[in-house]
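Visitor: The lines below spell out each chain.
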Amino acid sequence: NAGVMQNPRHLVRRRGQEARLRCSPVKGHSHVYWYRQLPEEGLKFMVYLQKENIIDESGMPKERFSAEFPKEGPSILRIQQVVRGDSAAYFCASSPSGQYDYEQYFGPGTRLTVT
Amino acid sequence: SQQGEEDPQALSIQEGENATMNCSYKTSINNLQWYRQNSGRGLVHLILIRSNEREKHSGRLRVTLDTSKKSSSLLITASRAADTASYFCATDDPYSGAGSYQLTFGKGTKLSVIP
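As they're listed, the protein sequences go chains A and B. Numbered as in my numbering, the first sequence ends at 115 without a single skipped number. Numbered as in my numbering, the second sequence ends at 115 without a single skipped number.
It is possible that part of the hints are untrue.
[Unchecked claim] List of simulated lysine-lysine pairs, DSSO-like, C-alpha gap at most 27 Å:
#1 B:K107 / A:K62
#2 A:K44 / B:K70
#3 A:K51 / A:K62
#4 A:K71 / B:K107
#5 B:K107 / B:K56
#6 B:K107 / A:K44
#7 B:K56 / B:K69
#8 B:K107 / B:K26
#9 B:K69 / A:K44
#10 A:K44 / B:K110
#11 A:K27 / A:K44
#12 B:K110 / B:K56
#13 B:K70 / B:K107
Because the hints were derived from the structure by calculation, they are not lab data.
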């Protein structure tokens, strides 16, 4: 059973460049969540998506950040014009349902470093 | 906003000893989950305990939940060096309007098990 896949695992970008982070959920899961983890901190919710729909993006910065989960293919978290403060680990999770009694399965994360 | 707070921040024990970590939260929950994160890796789900449950076991793990005190504890018995990791509790918040899917993580407890 393939778990949540994320790529790349490590990404280095210069200030002003774009970062694209990919997430393939567990097969059969149609609910995807993105979280961000700063050093020595817990994970912070960013966005919740279902296929072709953004359900809740309340945790995502209003500017430069966007997310999608197309009908075909992985979910993408896109960060435009990256700044040093975007350096963090970005985790994707998936679940078979958005209901509360389903655990979220986490991927290994993408560690973004902005130089 | 609701947040799980783990205590202690760091814990160092000898192999074979038991490790207890605590988590406190602020508002009502549907469930509380414990995750493990090895250094530089993704999160591994350990246990989900529902608000109507008081105790749950999984192998060497024992989780308790006291909703009156808004607290939970994770006990790892007969610890091993491989248990060295950060441990996070995560809660949902069904009454915040943010959706019960939105997990809120604490900063974690860093457990070191010395061989």
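Visitor: So, for every hint listed, does it hold in this structure?
Guide: Hints and how they fare:
no. : hint           : in the structure
1   : B:K107 / A:K62 : holds, 24 Å
2   : A:K44 / B:K70  : holds, 21 Å
3   : A:K51 / A:K62  : holds, 21 Å
4   : A:K71 / B:K107 : violated, 35 Å
5   : B:K107 / B:K56 : holds, 23 Å
6   : B:K107 / A:K44 : holds, 10 Å
7   : B:K56 / B:K69  : holds, 17 Å
8   : B:K107 / B:K26 : holds, 15 Å
9   : B:K69 / A:K44  : holds, 24 Å
10  : A:K44 / B:K110 : holds, 18 Å
11  : A:K27 / A:K44  : holds, 24 Å
12  : B:K110 / B:K56 : holds, 22 Å
13  : B:K70 / B:K107 : holds, 17 Å
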